[in-house]
Amino acid sequence: MKKILEKYEPIIGLEIHTQLSTASKAYSSDGTTYGAMPNTQTNAISLGHPGTLPMPNATVYEFAVRLGLACSCQIRERNEYARKNYFYADLPKGYQITQDTTPICTGGFVDIEDANGDPKRIGLTRIHMEEDSGKSIHDIDPFNTLIDLNRAGTPLLEIVSEPDFRTGQEAYNYLSEMRKLVRYLEISDGNMEEGSLRCDVNVSIRPIGREKFGTKVEVKNMNSFRNVQRAIDYEIKRQYELYENNEEVHQQTRTFDAAKGKTILLRAKEDAHDYRYFPEPDIQPVSVKQDYINSVKAELPPLPSELLAKYLGLGLSEYDAKLLTESKDIALYFEAIIGHTKNHKQAANWLMGSIKSYLNEKAVAIKDFPLSAKTIAELIALVDAGTVSNSAANGDLFKALLEQPNTSPKQLAQELNLMQESDSDALLELVQSVLQKYPAKVAEYQGGKKGLMGLFMGEVMKLSKGKADPKVTTKLVQQELEK
Amino acid sequence: MEFTTLDEIKIELNNGSLSCEKLVQHYLQNINARKNLNAFIEVYDKEAIARAQQVDQKIQNKTAGRLAGMVIGLKDNLCFKDHGLTASSKILNDFESLFSGTAVERLLKEDAIIIGRLNCDEFAMGSSNEFSTYGPVLNPVNETKVPGGSSGGSATAVAANLCLATLGSDTGGSIRQPASFCGVVGFKPSYGRISRHGLIAYGSSFDQIGPFSHSVKDTALMYEIMAGADEFDSTLSRKKIETSNFDSSVSTPKKIGYLKECLDSDKLDPEIRQEVNTLIEKLKSEGHTVEPVSSPYLDYLVPVYYVLTTAEASSNLARYDGVHYGYRSPNATDLESTYKLSRTEGFGNEVKRRIVLGTFVLSSGYYDAYYTQAQKARRLIQDQTNEVFQKFDFILSPTTPGTAFDIGREKTDPTVMYLEDIFTVQANICGIPAISLPIGQHSNGMPFGIQLMAAKFAEKELLEFSDELMNKA
Numbered sequence: 001m002k003k004i005l006e007k008y009e010p011i012i013g014l015e016i017h018t019q020l021s022t023a024s025k026a027y028s029s030d031g032t033t034y035g036a037m038p039n040t041q042t043n044a045i046s047l048g049h050p051g052t053l054p055m056p057n058a059t060v061y062e063f064a065v066r067l068g069l070a071c072s073c074q075i076r077e078r079n080e081y082a083r084k085n086y087f088y089a090d091l092p093k094g095y096q097i098t099q100d101t102t103p104i105c106t107g108g109f110v111d112i113e114d115a116n117g118d119p120k121r122i123g124l125t126r127i128h129m130e131e132d133s134g135k136s137i138h139d140i141d142p143f144n145t146l147i148d149l150n151r152a153g154t155p156l157l158e159i160v161s162e163p164d165f166r167t168g169q170e171a172y173n174y175l176s177e178m179r180k181l182v183r184y185l186e187i188s189d190g191n192m193e194e195g196s197l198r199c200d201v202n203v204s205i206r207p208i209g210r211e212k213f214g215t216k217v218e219v220k221n222m223n224s225f226r227n228v229q230r231a232i233d234y235e236i237k238r239q240y241e242l243y244e245n246n247e248e249v250h251q252q253t254r255t256f257d258a259a260k261g262k263t264i265l266l267r268a269k270e271d272a273h274d275y276r277y278f279p280e281p282d283i284q285p286v287s288v289k290q291d292y293i294n295s296v297k298a299e300l301p302p303l304p305s306e307l308l309a310k311y312l313g314l315g316l317s318e319y320d321a322k323l324l325t326e327s328k329d330i331a332l333y334f335e336a337i338i339g340h341t342k343n344h345k346q347a348a349n350w351l352m353g354s355i356k357s358y359l360n361e362k363a364v365a366i367k368d369f370p371l372s373a374k375t376i377a378e379l380i381a382l383v384d385a386g387t388v389s390n391s392a393a394n395g396d397l398f399k400a401l402l403e404q405p406n407t408s409p410k411q412l413a414q415e416l417n418l419m420q421e422s423d424s425d426a427l428l429e430l431v432q433s434v435l436q437k438y439p440a441k442v443a444e445y446q447g448g449k450k451g452l453m454g455l456f457m458g459e460v461m462k463l464s465k466g467k468a469d470p471k472v473t474t475k476l477v478q479q480e481l482e483k
Numbered sequence: 001m002e003f004t005t006l007d008e009i010k011i012e013l014n015n016g017s018l019s020c021e022k023l024v025q026h027y028l029q030n031i032n033a034r035k036n037l038n039a040f041i042e043v044y045d046k047e048a049i050a051r052a053q054q055v056d057q058k059i060q061n062k063t064a065g066r067l068a069g070m071v072i073g074l075k076d077n078l079c080f081k082d083h084g085l086t087a088s089s090k091i092l093n094d095f096e097s098l099f100s101g102t103a104v105e106r107l108l109k110e111d112a113i114i115i116g117r118l119n120c121d122e123f124a125m126g127s128s129n130e131f132s133t134y135g136p137v138l139n140p141v142n143e144t145k146v147p148g149g150s151s152g153g154s155a156t157a158v159a160a161n162l163c164l165a166t167l168g169s170d171t172g173g174s175i176r177q178p179a180s181f182c183g184v185v186g187f188k189p190s191y192g193r194i195s196r197h198g199l200i201a202y203g204s205s206f207d208q209i210g211p212f213s214h215s216v217k218d219t220a221l222m223y224e225i226m227a228g229a230d231e232f233d234s235t236l237s238r239k240k241i242e243t244s245n246f247d248s249s250v251s252t253p254k255k256i257g258y259l260k261e262c263l264d265s266d267k268l269d270p271e272i273r274q275e276v277n278t279l280i281e282k283l284k285s286e287g288h289t290v291e292p293v294s295s296p297y298l299d300y301l302v303p304v305y306y307v308l309t310t311a312e313a314s315s316n317l318a319r320y321d322g323v324h325y326g327y328r329s330p331n332a333t334d335l336e337s338t339y340k341l342s343r344t345e346g347f348g349n350e351v352k353r354r355i356v357l358g359t360f361v362l363s364s365g366y367y368d369a370y371y372t373q374a375q376k377a378r379r380l381i382q383d384q385t386n387e388v389f390q391k392f393d394f395i396l397s398p399t400t401p402g403t404a405f406d407i408g409r410e411k412t413d414p415t416v417m418y419l420e421d422i423f424t425v426q427a428n429i430c431g432i433p434a435i436s437l438p439i440g441q442h443s444n445g446m447p448f449g450i451q452l453m454a455a456k457f458a459e460k461e462l463l464e465f466s467d468e469l470m471n472k473a
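Sequences listed follow chains R and W, in order.
If you read the first sequence in the numbering used here, its first letter stands for residue 1, the second for the next number, and so on.
If you read the second sequence in the numbering used here, its first letter stands for residue 1, the second for the next number, and so on.
Check before you lean on any hint, since a few could be wrong.
List time: in silico DSS-like cross-link candidates among lysine-lysine, alpha-carbon distance up to 27 Å [unchecked claim]:
id, chain 1, residue 1, chain 2, residue 2
1, W, Lys376, R, Lys84
2, W, Lys240, W, Lys391
3, W, Lys472, W, Lys284
4, W, Lys240, R, Lys289
5, W, Lys340, R, Lys269
6, R, Lys220, R, Lys269
Bear in mind the hints are in silico, worked out from the structure with no lab data behind them.
Okay, chain W solo, but in the shape it has when bound (with noise of 0.2 Å):
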C-alpha cells in the first residue's frame, strides 16, 4: 500500500480497512527501509503510534479533525513543544523547545500526526541538503545526486514516501527547489500568511512556511489550516484566508506571464526549456493568453537576495552564543573565548560564510553601499513585480534550471550553488506565493518541476489553477 492523497487514506479509514496506527506502523517501516536516505533527524516513533491510536478512537466517536489520518514529518527548524530542535545544527546540541509553532499547533489541531522531524541544511541555508551536521540527505529518485535544499530531508520524506506530507521553510527556494529535485509538490505562500511564531529566523523578511505533499489538494489543505492571523506575529495579514474549490469545470482562461531571459538563457538545461515551451503552447491552445514578460532587475535577484538575507541571518543567529542554550565550547575560559570558541565549532563554514558576510554589509562604511543600496533594489523588483501582476495571474518559469546534482559537486564553489536560486528568490524577495509542481520528468532519470507565482494574497487563485495543470500533465 502506498498514499499519494490524505483523500485515499480517508477512503480506506472511513470503510474501516485501514486505521491510523497500522498507517503509522507502515511509515515507520518505510523509514527504516530508507534509512539510508538520511531523512529523518528523529523519529517520534511511540508517540506517533499512541497519537494514532488517540485519532483513530476519535474517528470511531466522529470527533476526529480535518487532518486525521496525515502523518507528517518537521524540518528541524519548527518548534514542537519538548522535542528536539537544532536547525541540523552543533549549536543547538541537545535543545528542546520550550513550545509549539502557531502552524505546528494548528496541525495538531486538527489531528494531524508527526512522525519525527527532517535533515535540513544548517539554519537553512544551502541548497543541497549537505550542510547539516548529520550529514547530507540523499534523493530518493537517484541516490547518488542531492535532494536540493533547505528542505531536503522534507522532499525526500515525501517522495520516498516515509510520511504524506511534511513542512518545510522557504526563504530563497527552500522548499520550491528540492520539490523540483524529488519530483514533489512544494508550495511557499505569500509573506505574512502562516505565523512564523515557532521557525528558527534565518531572513525574518524573506522567511516562510509551507508544505511538501503530493497533491495541490492536500497542499491546499494544510495551508488553509496553517495560514491566518496569530498573536505572536506581527508581521501577518489579516486577509481572510479563501478556501481553494478544486472543482475544475469552472476554470476560465488565465493570462500568463513567463520570463523571456531565463527562457533564453545558456545555463537552463535544454530539456527543461524545451518542456516549458511545450506547456506554454498547450496553454495556449487551451485558451489562455501565454506571453513574455521582461524581467529587467534579473541580475539583481541574486546579489539583493544574499545582501539582505544574510544581513537579518548575522543578527538572528547571534543568540548563539554559548551562554544561555545549546553547544558551549568545553574549552571556553571566559566571556569572549565562549563566543568565539563555541561559535566557532558550533556553526558550519555555509552558515560562518552567511554570517561574515551578513556582518560585513551592516558594518559602518559599508551600510549604504551594500544593505541600503540592495533595499532600494528590493523596492524596485517588488515594485516591477506588482505591474506585472496587474496584467497577468500567473509567473511561469521552471522551479530550477537543472535537475538534481551529484552529492559533493556543490561543496566545492559555493558561488554555483547560489545560482540555483535565480528562478526561485523573486517570490521571497517581493512575498508572493509561489508553487512548484512535479510536472516534467528528464531523459536523465530526474524529476524536475514547473514553478508558478502569483500576486500577493492570490493563493486561492494559484492553487486552483496549480491543480488544473496537475491534472493536465
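Pulled out of the complex, with its shape left as it was, chain R reads as follows (with noise of 0.2 Å):
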C-alpha cells in the first residue's frame, strides 16, 4: 500500500444510511421493532396497499436538525420531499420516498484522526431524509424469496461526505466517529449487525498530481467497519493494478465479498437505473424554522467533541479523556461524579478502574450500574480525607457497596471498621503513650538514629488496629519527637 500511495492519490467518499430509532415509521404509524416477527410491523401505509397516503412523522426532521447542528451544516428551511422510482420486491409502492434537490442538511463536517493518529477534517455534502425498504430474504426457502416489510417505511438519514478520505482507515475512523455521534444524539442505536448504520463507498485513484478524477467505482454491502476498510484498502490496490497494466478502470456498482477478501461486479455503468426523481406531490413542503432549530439546540446533549475538550481541560491525559468519551453513558456518569467532586483524576480512575471491572465482569451496562455517581463522589471523598484507604475504598467496601447500593459509604467503612483513624488528638494520645513506652529509643532517636521512625509507626499502628492514618501518623510523630 505504501507503494501504491508515492504514486498515486486516492480519491474515496462515503455515504452513509442510518436508521432512525424513532417509535414509529416515517410516513405511518407502525411500529420499528427490530428482530419483530416477519410482517407484523405493517399496516395498509406501509404495505403501499391502494389509497395510501404518507403523513410525515415530526420526530424524523427533529433528529436530522440535530445531526446537522453536531456536524455544523447549514439546515434548509424549506424541505420538499421526492419520489425515487424503481421496482423491487421489497419497495412495495415502487417508489422510495426521499429527498433530491432539497436535502434538509448541506455541508459541515466531522473531526476525525487520520492513521497516523494526527487530526483530520471530513467535508459533508449533504444529508438528507428518506424511508427504508423491506427485506428481501433468499436464504430460508430454497425455492423463493421471502420479502418481509417490517422495515419498510422506517425513516433513514443519508450521510454523503465529500471524496475527503485517502485511505480505508480514514473511513474506518471516521465510521466510528459517525456511529459514536448518533449514539450521543440518540438518533439511532448505530448497530452495524443489525443495519441500523449501513455504508456504500466511491472510491477512485489518480497518479499524484494530475488534477483529473480517476474513474469512480461504487462498492456496496459492507457488513463491518472493518470490511468497509478492506473494501476500500482491496479497491484502490484492484485500481492501481489496472493502472499499471494500462488497462481502463470502468465505472461500475461492485459489492464485497467479505469472505474472499475481495469486490465483485455488481452492475456496469450502463445498467444503472434512471429513477425518474420528481416532487413527491403527498406531502406539502416542511418548513423547518430558525426558532424551532434553536429549540432542538437547546436540548443538543453534549458532544463527544466537546466533552473531549472539557476533560482535556480538567487536566486528564488524552488517553483517559478518550475512553470516557467512547460511550456517552461512560461520559454522563463521569459528568454526574464530577458535579459531586473536584477530584477529577481520581474519579476518572474509579469509572475506569473498578467500576469498568465490574461492568465487564458482569457484562452490564453504565446504566445499570447499582452504585450513584454521588455514592462513588463520597468514596473520593473518604480516600482523600484520609478516612479510607485507597484500597479498602476500591476493595472491600467497594464490594460491600454493591451489596447495599443505598447505605452511605462513611457509615459502611464504620461498620466494617475500615475506617483510618486520622483523628489528630485520639492518634495523638497514641502516639504520645507510644513514645512514653520507650524513652530510650526517644533517645536513640533524638541522637540522630532517624530509623527508628518506623518501629514507632509500627508500634502506633498496632495500638491502633491498622486504623491508623499513616500519614498523619508520620506528622505526629515527627512533630512529637521533634518538641
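Assembling the complex is the task here: the two chains are given apart, and the hints tell you how they should meet.
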C-alpha cells in the first residue's frame, strides 16, 4: 500500500445510511421494533396499499436537525420530498420517498484522525431524510425469495461525505466517529450488524499531481467497519493494478465479498437505473424554522468532541479523556461524578478502574450500575480525607456497597471497621503513649538514629489495630519527637 | 316513488310512510331492472338491508345521523373496509381494502347506507367509462351513448335512480363531465378539502373526491360532512368548512366571468353556445355583472394536465406489480417476468398509454423539456386564474363542448377524447372548486351541464350561487 500511495492518490467518499430510532415509521404509525416477527410491523400504509398516503413523522426532522447541528451543517428551511422510482420486490410502493434537490442539511464536517493519528477534517456534502425498503430474504426458502416488510418505511438519514478520505483506515475512523455521534445524539442505535448503520463507498485513484479525477467505482454491501476498510484497500489495489497494466477502470457498482476479501462486479454503468426523481405530491413541503432549530439546539446533548476538550482542560490525560468519551453513557456518568467532586483524576480512575471491571465482569451497561455517581464521589472524598485507605475503598468497601447500594459509604466503612484513624487528638494520645513506652529509643532517635521511625510507626499501628492514617501518624510522630 | 332529494325522503321517513329498509328495497329493484346499464360492479344487497334496519332503529330512537335515509354508491376507487376495490382494473382482481377512507368513514358516521360499488374507467383514466375491465357503462338517458367518465357508473346510478347519491373522483373532470352527460349535479371541491386517504391515486396533485346528486343542497350536505383535515393526508387544508346557506332571499349581485375564447370555439356545439349566451343575458338582466375574461393559456391547459397527471400516475401505479397483491400473471417465472407479464396482462390499454407517457416525461434527458416546463406552465395558469378571481366571483362555461357521444367513438382516437377535458381541467390544475349543473337540454334529447368555478376554498359561495341558478332554470 505504501508503494501505491507514493505514486497514486486515492479519492474516497462515503455514503452512510443510518436508521433512526423513532418509535414509529417515517410516514405511518407502524412500529419499528427490530427483530419482530416478519410482516407484523406493517399496516396498509407501509404495505403500500391502494388509497394510502404518507404522513410525515415530525421526529424525523428533529433527528435530522440534531445531526445537522452536531456536524455544523446549514439547515434548510423549506424541505421538499421527492420520489425515487424503481421496481424491487421489497419496495412496496414502487418508489422510495426521499429528498432530491433540497436535502435538509448541507455542508458541515466531522473531525477524525488520519492513519497516523493526526487530526483530519472530513467535509459533508449533504444529509437528507428518506425511508427504508423492506427486506428480501434469499436463504430461508430454497425456491422462493421471502419478503419482510417490517423495515419498509423506517426513517433513514443518508449522510454523504465529500471525497476527503485517502485510506481505508480513515474511513474506519470516520465510521467509528459517526456511530459515536448518532449514539450521543440518541437518533440511532448505530448497530451495523442489525443494519441500522450501512455504508457505501466511492473509490477512485489518480496519479499524484494529476488534476483530473480517476473513474469512480461504487462498492456496496459491507457489513462491518473493518470490511469497509478492507473493501477500500482492496479497491485501491485493484485500480492501481489496472492503471499499472495500462488497463481501463470502468465505472461500475461492485459488492464486497468478505470471505474472499475481494470486490465483485454487481452492475456496469450501462445498467444504471433512471430513477425519475420528481417532487412527492403527497407531502406538503415542510418548513424548518430558525426558532425550531434553536429549540433543538438548546436540547442538544453534550457532544463527544466537546466533552473531550473539556476533560483535557480538566487536566486528564488524552488517553483517559478518549476512553471516557468513547461512550455517551460512560461520559454522562463521569459528568455526574465530577458534579460532586473536584478530584477529576480520581473520578476517572474509579470509572476506568473498579467500575469498568465490575461492568465487564457482570456484563452490564453503566446504565445498570447499582451505585450512584454521588456515592462514588463520597468514596473519593473518604479517601481524600484519609478516612479510608484507597485500597480499602476500591476493595472491601466497594464490594460491600454493591451489596447495599443505598447505604452511605461512610456508615458502611464504620460498620466494617475500615475507617482509618486520622482524628489527630485520638492519634496524638496513641503516639504519646508509644513514645512514653520507649524513652530510650526516643533518646536514640533524637541522637540521630532516624531509622527508629519505623518502630514508632509500627507500634502506633498496632495500638490502632491498623486504622491509623499513616500520613497523619508520621506527621504526629515527627512533631512529638522534635519537640 | 322516485326521490330526488334527501329532504323528500326525510319527510316520508318522519311521517312513517317510508322506512330505510323499504327505500333500499326500492333501489335494489331499480338496480335489478336496469342491470344492463352496467353501473354497479357489486351490489351490497344484504348488507345494505341490514344497515337500513339499523338506521330505521336509530330513527325511531331519535339518534340517527344527518344522512339517515341517504342511500349511496361508491366509485370503485374508494376504499371501504373489507369490500372489493379494483379501480375497474384486472390488476386489482379480488383485492379487498383493509380500511375505509376518510370520506367514506364520515358519511357512514352520519348513517349513510352504502348499496354498492360503481363501475368507472380503469384507474379513473378516461372520459367515457369504456376503459373498464367490467365493460362500458351505458348512459341511462340514451343507452347508445356513453355516460362520460371516468366516474361514469356514479353519474349513471344517480341519473337512473339506482341510489340517491354517489361518490366519484375528479382529476381532470371525471365528476363534472359525466354529471353533464347524464343530467345530474357533479361537484369537485378545492384540492385539499376532502381527504384523499382512501382514494386510489391517479394524479396525486389533481385528484379530489366529490359527490353526485340531484340537488345542490344534497351536494353541499355531503361535501360539508366529508371535508376537513384528517390525520392521514398532509396536503389537506386546515381552513374552516363553512356551511352553505340556501336562503335565496339573501342573494346579492355577483361578478361572473366567462371564457370568451371557449364560447367562440368552433369545437363547441352551437346549441350549447346558445344556451350559455341565453344564460349570460338572463344573469345580466337579474343585476349580475357578466363579462368576458381572457384565457391566454387555453392552449396549454390540456397538455399541462396530461404531462403532470401521467407523470404522477406512472409513479402511483408502480405499486401494482404482481408481487404483493392483486393480479399476478400465471406465466411469470421470476421477478422480472412477474413485473412485465402481470402489468402487461393486468392493465388496460389506456392505462398503459398514460404510464408510458408519464414515464417518458420524467425520464432523464426529457424531464426538463416536459415535466419542468409543465410545472412552470401550471404555476402561470394558477397565477392567472387567481388574478381573475380577484375581480370575479365565478367563471361560467359549458362543462363539455358537446353532449354525450356514441359508445365506441372514442376508442379509435384517444386525442379526440382528450379534448373532452378542455373546460374541466383548469379547476384541477388550479386546485379550485367547480361544479356542473344540469341546466341544459339539447334538441338531440341529451342533457348538458353548465360549469361554475370559484376561487380556491370558496365552496360556500359557489354552492349557494349554484342553488340559485338551479332554482331559476
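Structure-based check of each hint:
Restraint check for W:Lys376 and R:Lys84: the C-alpha separation of about 21 Å stays at or below 27 Å, so the hint holds. Restraint check: the Cα-Cα separation between W:Lys240 and W:Lys391 comes to about 23 Å, which is no more than 27 Å; the hinted pair holds. Taking the CA atoms of W:Lys472 and W:Lys284, the gap is about 14 Å. The hint holds against a cut of 27 Å. The suggested pairing of W:Lys240 with R:Lys289 holds, with an alpha-carbon distance near 25 Å, which does not exceed 27 Å.
This hinted pair checks out: W:Lys340 and R:Lys269 have alpha carbons roughly 23 Å apart, not beyond 27 Å. A hinted pair counts as satisfied when its Cα atoms are at most 27 Å apart, and R:Lys220 with R:Lys269 qualifies at roughly 15 Å.
Violation of the numbered hints given earlier is absent; every hint is satisfied by the structure.
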